[in-house]
Amino acid sequence: MPELVSVEAVTRSFPLDHNFVSALDHVSLHVASGEFLAIAGPSGSGKSTLLNLIGCIDKPTTGRILIDGVDTSKLKSSQLTKLRREKIGFVFQTFNLIPVFTAAENVEFPLLVQGIAAQERRLRVGAALEGVGLSARANHRPDLLSGGERQRVAVARAIVHRPALVLADEPTANLDTRNATQLIDLMHDLNRRLGLTFIFSTHDQRLLEHTDRIVRLTDGQVVSDTLTSESLTTEVSLTQPAMQGVSRGQVSALSL
Amino acid sequence: MGKFLLLAFRNVFRNRRRTIMTLMMVGGGVAGLLLVGGFFARMFWGLRESTINDGLGHLQIFTAEHFNREEKHVLDTGIENWRQVAATISTGGHVRGVAPRIEFNGMLSNGVKSGVFMGSAVDPVAEQTLGFTARVATGRDLDSKAGGEIEALIGAGVARSMNVKPGDGLTILAVTSDGALNGIDVQVVGVVNTGFKEMDDRYLRITLPSAQRLLQSDRVTNLVVGLDNTDNTDLVAAQLAPRLEGLPQQLVLKKWSDLAAYYKQVRSLFSTIFVFLGVIVFFMVLMSSVNTLLMAMFERTREIGTMLAMGTPRSWIMALFVLEATLLGILGAAAGVIGGNLLGVILNHSGIHLPPPPGTTVPMTFRVMHVPSLMVGSSILVIVSLALASILPAIRASRLQIAEALAHV
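So the protein sequences, as listed, match chains L and D. Under our numbering, the first residue of the first sequence carries the number -12, and numbering increases by one thereafter. Under our numbering, the first residue of the second sequence carries the number 2, and numbering increases by one thereafter.
It is possible that some hints are incorrect.
As the list claims (entries may be wrong) - Here are the simulated EDC-like pairs of lysine to aspartate or glutamate, each with C-alpha atoms no more than 16 Å apart in a straight line:
#1 Lys74(L) <-> Asp206(L)
#2 Lys46(L) <-> Asp202(D)
#3 Lys74(L) <-> Asp58(L)
#4 Lys166(D) <-> Glu199(D)
#5 Lys114(D) <-> Asp229(D)
#6 Lys4(D) <-> Glu107(L)
As the list claims (entries may be wrong) - A short, non-exhaustive set of chain D residues, derived as facing chain L with CB atoms under 8 Å:
#7 Lys4
#8 Leu8
#9 Glu300
#10 Arg303
#11 Ala404
#12 Leu407
Simulated from the structure, these hints should not be mistaken for laboratory data. Even for Gly, the Cβ is constructed at its ideal location relative to N, Cα and C.
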């Protein structure tokens, strides 16, 4: 499969008092199109920071990130906006639905931003909501939906404009086991059926069990990059800096 | 665009209590402007009509010389063939009548004491035809058909100064058109209260034939034209101007608005006060709305971050906030227009009286006019104010760092 995301020696540090704190330290990661990948790690390990960088809503301090072959560090703000609008879908831990919009209107929003015609929008929204099993709840506002339903609306919103990449930041963190399992199954199904690439951050073991590949972060560094598909359960330790990149290459070859 | 407008509209009602407070503030500003502006408009209207009906008329005709040079002798710049001119004017549309006038001055005496007067001579029938009232406080108005003594109306201040009352006699002295001094005895038939003390202290009015006899001239100073409606002034002036050109004397036509100096001063003063009030309301709405809209922006930081993450252009976020504020302004203006007009109706029926304005002696009834242009103007004022107030929150919202906004609690 062609490479969709390439994170190359990315560092991200933030100012704190009179010093800089490094959230990510020379992280490299390559994601092929159609992958279902989890970024795991404890709180403060840099999961969300890495997702933000891949999602082009933050910029690395050093290093570069390529999305679908495009070097995002060279893009202007408006070009990054266009890239996000067309190629990336987001699912957030707290759902982040627009409270004054119905479920259907929330799902419609990315299409609205893309300037897609009303009739086409209606069709796509209907299909997306059907895909997440929420057709019957289309006209309900978020406050009338359960947590699981809200997150499924968020997933429908993330995929409705047919992005190349869906980024989900702790998507199951606010869900009970039943809803979390349903959401995992849904995302996995979308991944397989539509070939959508999913990258999500999580420390939810339920989600990790359903994941093909797990990248573990600790203190801003990739400590392991594991393939967990049924046919392949190879784990490559990346704790030794000298092995970074080389091992990833080996893993990529195995996954392909 | 429809969905975007819908989003803005729903956002307006997201925090109902805050929205209601803002609407009350904006609506209160508009209602206040409507009440004050409506009161001023009613006052302007009342002053205009009373100025016209007190004798100014809608139009006045003078000789061109009247404005070009000072008179060497009384009435030497007056209208000679005024009856022909009056007949010409009377045939015009919307003209209710024409009243000849002589303006003169001189001295009056009760035999013991003397004083100056500013006199006018009128045709009582023509004046009554035009509805011009002399504001007679005691006694009666002039009667051209009454025989015997020459009748005179005097101001309340003159009556007090000369210690006379209706039925008493006075002698008036004036310089004739030949430059000689002439005098006539008059009988006071009424005492006038104009409402202006300075005027009441010098007021004298006699009939036109009496003044022509006193001044030894057949001329008149001017002709006063009364119309069926003040709104027709410009139309009739435009129609009359060419008709006056063919007459032997070069005549000039003046509208009431050219002559009503006091009206213009009052209007200018109160218009300035109203503009000042408008500026206060504008900044009051602006400053308090900035705070409200900033609060709304902070509360929605994560939502804005989400929209930006989904690729919403930053200009859309700005437009959304400006649109929401504009909608709030429109709703507030509508509430203010409705509330202001309702309050106006209630106040008009309350019969509240205000103390006499400066320089006058007659109390004023509090009345409010419903002026459409004022409603539109006040509404535009608050809508623009709110739209401007939204610029700072809109800019801040559009410049949010997405990652920080998404982490906002």
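Status of each hint after checking the structure:
Taking the CA atoms of Lys74(L) and Asp206(L), the gap is near 29 Å; set against the 16 Å cutoff, the hint is violated. Our distance criterion of 16 Å between C-alpha atoms is broken by Lys46(L) and Asp202(D), whose separation comes to about 86 Å. Straight-line distance between C-alpha atoms of Lys74(L) and Asp58(L) comes to about 14 Å, which keeps the hinted pair within the 16 Å bound. Pair hint Lys166(D) plus Glu199(D) does not hold up; C-alpha atoms about 19 Å apart against a cutoff of 16 Å.
Simply put, Lys114(D) and Asp229(D) have alpha-carbon atoms about 44 Å apart, too far for the 16 Å limit, and the pair is violated. Of the supplied pair hints, the one linking Lys4(D) and Glu107(L) holds, its CA atoms being roughly 15 Å apart against a limit of 16 Å. Because the smallest distance between the Cβ of Lys4(D) and any Cβ of chain L comes to about 5 Å, under 8 Å, the interface hint for this residue holds. Because the closest C-beta pair between Leu8(D) and chain L is about 7 Å apart, less than 8 Å, the hint holds.
Evaluation of the Glu300(D) hint against chain L yields a violated restraint, the C-beta minimum of about 11 Å exceeding 8 Å. Interface restraint check: Arg303(D) against chain L, minimum CB-CB distance 6 Å, threshold 8 Å, status holds. This hint holds: Ala404(D) has a C-beta 4 Å from the nearest C-beta of chain L, less than the 8 Å allowed. Nearest Cβ of chain L to the Cβ of Leu407(D): about 7 Å, under the 8 Å cut. The hint holds.
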